[in-house]
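Novice: Each chain is listed here by its residues.
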Amino acid sequence: MTGRWRWPLRIGALGYLAVLVALPVGTVFYRAFDHGLAAAWDAITTTDALHALWLTVLVACIAVPLDTIFGVGVSLILARHRFPGAWLLDAFVDIPLALSPVVIGLSLILVYGKTGWFGNWLAARGITVIFSVPGIVMASAAVALPYVVREVLPVLQELGTEQEQAARTLGAGPWAVFRRITLPNIRRGLAYGITLTTARVLGEFGAVAIVSGAIAGKTETLTLYISDSIENLDPAGAYTGAVVLALFALAVLTVLTVTDRRRESWHGRAAK
Amino acid sequence: MSIIVDGVSKRFGDAVALDDVSLEVPTGSLTALLGPSGGGKSTLLRIIAGLDEPDRGSIRIEGEDLTGTPARKRGVGFCFQHYAPFRHLTVRRNVAFGLEIRRRPKAEVKARVDELLELVGLSHLGDRYPSQLSGGQRQRMALARALAIEPKVLLLDEPFGALDAQVRQQLRQWLRELHSTLHVTTVLVTHDQEEAMEVADRLAIINHGRLEQLGTPAHMYDHPANEFVLTFLGPATELDGAWVRPHDLVVHPAADRPDHPKARQGTVARVTHLGFEVRVDVDLDPEGSCWVQLSRGAAGELDLQPGDRVWVARTDVPADDEPPPSVVEEHHERHLVTVPPLS
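Chain order of the listed sequences is A and B. Under this note's numbering, the letters of the first sequence match residues 136 to 407, in that order. Under this note's numbering, the letters of the second sequence match residues 134 to 476, in that order.
If we strip away everything but chain A, and leave its shape as in the complex, we get (with noise of 0.2 Å):
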C-alpha cells in the first residue's frame, strides 16, 4: 500500500466502524447512565430484568455444551470418516446459517407444538416444549448450530491423522487419542467456536421469540425484554439491558483472546 493511500484507508475503515458499531453502542451505555447509576442498578434489578438475565445464562448454559458436543462430534465423523451421504450432512449443517431464524422458530412449532407432529405425544407426558425452556433452549442450540463445525473442521482437516494414529501405536485407546491429541490440536478452533456459539445464543432473537411467546417473567430471554421495554416505553430498561448484553459480549471476547495468546506459546512457532 503506497503512503498516499494509507491515511485514508485507515479512516475509512475506522470511520466504518464508528458508524455501524462504536456511535450506537457507545450511545446505548451513555443513555444506559443518563439517569445516574442508582437508577439503572434499579432498571436491571426488577424482577423481569432479573428473571429474563437468569434465563438468558440457563440457555446458553445448556445450549453452549450441547452444541459444542454435537459440532465436536460432527466434525470428527465428516473429518475422519468415508461414507455415502457425508456431504449431505456438512451440507445440512449450514441450513442455520442460510435460513432466517424465525423460519428455524416456526418450523419448531410446527413439529414441537400443539398441534404439531409430537404436540400430542409430549402433551400426553406433560413435557412443554413450545412456550417454554425446552423450546428456547431447542431454538437458541439449533440457530448457533453450525458455529463450532465450521471451526473445527477445518483444523481437523488440516491437523491430519498421522499424529493420532502414532499415539494408537503407543497404546492410546480411542478417548486417550481424542483428549491427549485430537482435543489438544483443535483446541483453538473450538475456543473459537464456542466463543461465536455462545456470542449467537446469547443475542439470539427471531427464533427465540417465535417459540417462546415472550412472556414476561416466565419465557423472557435479554433480547425479548429489551425489545418488550421498548415497547412498553421503557427505555430505562431497553437500554440497560442492552449494557448487559453488550458486557457479555465483551467477557466472551476477553476469554477469547486470553485463550488465542496462550494458544500462540506453541502453535505460533510451529512454523514447519
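Treat the hints with care, since some could be wrong.
As the list claims (entries may be wrong) - Capping the alpha-carbon separation at 25 Å, the derived lysine to aspartate or glutamate pairs in DMTMM-like fashion look like this:
id	chain 1	residue 1	chain 2	residue 2
1	B	K285	A	E366
2	B	K206	B	E241
3	B	K243	B	E233
4	B	K243	A	D183
Rather than coming from a laboratory, the hints here were simulated on the basis of the structure.
Fit chain B to the supplied structure of chain A, relying on the hints for placement.
Specialist: Coordinates of chain B only, in the frame set by chain A:
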C-alpha cells in the same frame, strides 16, 4: 522368526496394494522393504503395525497371530515418514507418551525418558517443542518415542526420506549403530537402494504389490532373481542378450584381443567422467550397444576417445563357460517369489 507375514493381500478400491505377499523377518535383524514408490511396501509396514488391515492373509509377531488386533495392543514401535510429532507436547512428553498411557509410576517414566533422550542424543533439548527441532532431531525424538514402549519390533516408514543428504548419511550410520546396541528387530521402508544396502542386513524387494526377492544385499546384488531386481539394485547393461553389471565388463584396445571367446568388437560412442568412475558407451558390431563402468585409473591408461575401436568382454564369467549365463538366476527358490496374481 520375529515377524511372519503369510499370504497378505490388500486392495484400495480397484488398486491392488499387496498381492499375496509372504515373508519372514528373523529376530534381531534389520530388514529393508525396498522398492519403487507406490509398490506397496508402506502398506505392508502399516499392516504389520495394525494401522491397516489386510483383506487376506495373516501377521504373526513373535509367534502370536495378531491379525485383527488393534495397533495399540500390538506392542509395535512405528516411526512415520514425517515423524508425526505431538506438536503440543515437549520432547520429553512426546517420548513419555507411551509410558504415561500405560500409567507407569512417575519416577520410572522420568528415568526411562532420561535414558532414551541420552540414547538418541537429545538430553539437552527435552523441554523444547517439536517445532523447535531440526528434521534429524525430530526423527530421533520419534525413534525414542517408539522405543519407549519397549516394542517387540520397530517399524520405520521412509525414515530418512524427508532429510537432506548430509543429515541422511549421518542418520543411516547412527541407526546402524543403534540397531547393533539394541538388537531390536527392525523393518524399514525405503525406495533408495543404496540406503537399503548400506543400512539393512536383509532386503525384501517389493514391486507392484508383490515380493520380488528376499535375501542379503550382497547375495541379491550378485544373484538377482529377475530383471527387475537386477536393474533396481544397481546399474545393468545388456551384452549378447544377457544382463550384466557394467563394472563386470572390460574394454581392450582393438589391437589387444582379450582371451575370451565371447569378446565383442565395437566403437566407443561416448566417454563420461563421473568423479570416481568413468562411463564408456560402446556401439557393438554389427548392432547393439552397452556401457562399461571403469575406474578412473583404468580409463586413464586406455585413454579412450569417441570413435576408437575396442573389444568388450565379461570378467565375471570364465572364458570357457559356454554360453555365458545372464546374472539373473533362471531358477530361484520358489518360496522367495510370489505365486501367480489374484483374481
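Novice: Check each numbered hint from earlier against the structure, then list the numbers of those it violates in ascending order.
Specialist: Of the numbered hints given earlier, those the structure breaks are 1, 4, listed in rising order.
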